[in-house]
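Undergrad: Sequence:
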Amino acid sequence: AGGITITLPASPSAGDYVVVKDGTGAAATTTFSVARNGSNIASSATDLVFDKNFAEIVMTYIDGTIGWSV
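Read in my numbering, the sequence shown has 15 at position 13, and its numbers run on one by one without any break.
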């Protein structure tokens with residue numbers, strides 16, 4: 003019940019990556035928010051909502067403009 007927030011690193015370097023996976027199949031009912039922590043996500047200054055059951059995403063830090071690529 004309730005949401006979960008995963009916060010990305012504050013000072014990432016190019017090539018850093020983070021894997022987010024819903025191993026329990028609860029993402030659709032317990033939404034995961036990926037907080038960008040100052041960096042863009044796919045060139046957007048918004049947090050990412052992860053709401054697909056059993057899905058997995060790999061986020062790789064590219065640069066200050068793109069930020070984290072999904």
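Don't take each hint at face value.
To be verified - With a Cα cut of at most 16 Å, we get these calculated EDC-like pairs of lysine to aspartate or glutamate:
1. K23 x D65
2. K23 x D53
3. K54 x D18
What the hints assert, rightly or not - Computed beta-carbon distance windows for the label pairs:
4. G25 x T67: 21 to 27 Å
5. T7 x V60: 16 to 22 Å
6. I68 x G27: 28 to 34 Å
7. G66 x A30: 30 to 36 Å
8. V72 x T32: 17 to 23 Å
9. D65 x T32: 29 to 35 Å
10. A16 x A37: 29 to 35 Å
11. I68 x T31: 30 to 36 Å
12. Y19 x F56: 31 to 37 Å
13. G27 x V60: 18 to 24 Å
14. T31 x T9: 19 to 25 Å
15. G40 x V60: 27 to 33 Å
Worth flagging that the hints you see were computed from the coordinates, not collected in a lab.
Since the structure is predicted, the reported quantities are computational estimates derived from the model, not experimental observations.
The beta carbon of each residue, even a glycine, is placed where N, CA and C say it ideally should be.
Undergrad: Within 19 to 25 Å or not, the Cβ separation of T31 and T9?
TA: 21 Å, holds
Undergrad: For a C-alpha distance cap of 16 Å, please report whether K23 and D65 respect it.
TA: Violated: K23 and D65 sit about 23 Å apart, past 16 Å.
Undergrad: Range hint 18 to 24 Å: satisfied by the CB atoms of G27 and V60?
TA: 19 Å, holds
Undergrad: Are K23 and D53 close enough, with their CA atoms no more than 16 Å apart?
TA: 10 Å, holds
Undergrad: Between A16 and A37, does the beta-carbon spacing fit 29 to 35 Å?
TA: The hint (29 to 35 Å, Cβ to Cβ) is violated, given that A16 and A37 are roughly 20 Å apart.
Undergrad: State, for the Cβ atoms of G40 and V60, whether the hinted interval 27 to 33 Å holds or is violated.
TA: 20 Å Cβ-Cβ, so the 27 to 33 Å window is violated.
Undergrad: Using the beta carbons of V72 and T32, state whether their distance is inside 17 to 23 Å or not.
TA: The hint (17 to 23 Å, Cβ to Cβ) holds, given that V72 and T32 are roughly 20 Å apart.
Undergrad: Evaluate the given range 28 to 34 Å for the C-beta pair formed by I68 and G27.
TA: At 30 Å between Cβs, range holds.
Undergrad: Is 29 to 35 Å respected by the C-beta to C-beta distance linking D65 and T32?
TA: 32 Å, holds
Undergrad: Measuring from beta carbon to beta carbon, are G66 and A30 in 30 to 36 Å?
TA: This hint holds: roughly 33 Å between Cβ atoms.
Undergrad: Look at the Cβ atoms of T7 and V60 and judge whether their distance stays inside 16 to 22 Å.
TA: 19 Å, holds
Undergrad: Is it true that the CA of K54 sits at most 16 Å from the CA of D18?
TA: Violated: K54 and D18 sit about 24 Å apart, past 16 Å.
Hint check: violations occur at hints 1, 3, 4, 10, 12 and 15; the rest are consistent with the structure.
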